[in-house]
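**Q** Sequence:
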Amino acid sequence: MQSSSLGNGRVRATKRWYGRGLRHGRRARRVRDRAVADVAHQEMVTVRPGGPLSEAVAVMAEQHLTHLVVVDAPLEPVGILSTFDVMGVLGAAR
Numbered sequence: 019m020q021s022s023s024l025g026n027g028r029v030r031a032t033k034r035w036y037g038r039g040l041r042h043g044r045r046a047r048r049v050r051d052r053a054v055a056d057v058a059h060q061e062m063v064t065v066r067p068g069g070p071l072s073e074a075v076a077v078m079a080e081q082h083l084t085h086l087v088v089v090d091a092p093l094e095p096v097g098i099l100s101t102f103d104v105m106g107v108l109g110a111a112r
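Last residue of the sequence shown: 112 (the numbering used here), numbering continuous.
Hints listed in this document are in silico derivations from the structure and should not be mistaken for laboratory results.
All C-beta atoms, glycine included, are put in the ideal place defined by N, C-alpha and C.
Treat each hint with caution, since some may be false.
[What the hints assert, rightly or not] Derived DEER-like restraints, expressed as beta-carbon distance ranges: (1) A111 <-> A91: 25 to 31 Å; (2) A79 <-> R48: 27 to 33 Å; (3) E94 <-> L71: 18 to 24 Å.
Please construct the entire structure, taking both the sequences and the accompanying hints into account.
**A** Encoded structure:
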């Protein structure tokens, strides 16, 4: 079991993302026999850390993305912006 923080110092146990279905059988072989490069997106959509959040959200919506790679001036990745990050900001604004 993996664990995740609840934010209040307590930790809860969660199931692994693949559950029991990938331990045996065809699905397990499909995952086990493939490289990450075989399934990863080849084109990265990036944003800058100082850019407006509204523009990043617009890009995510227009391109149907759930994550954007945040890059600095030499285009080195410094983070990932996810829809959960955006939802957290919207939730905190209430």
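**Q** Each hint should be assessed against the structure and marked as holding or not.
**A** Structure-based check of each hint:
no., hint, verdict
1, A111 <-> A91: 25 to 31 Å, "29 Å, holds"
2, A79 <-> R48: 27 to 33 Å, "31 Å, holds"
3, E94 <-> L71: 18 to 24 Å, "21 Å, holds"
When the structure is compared with the earlier hints, no violation turns up for any of them.
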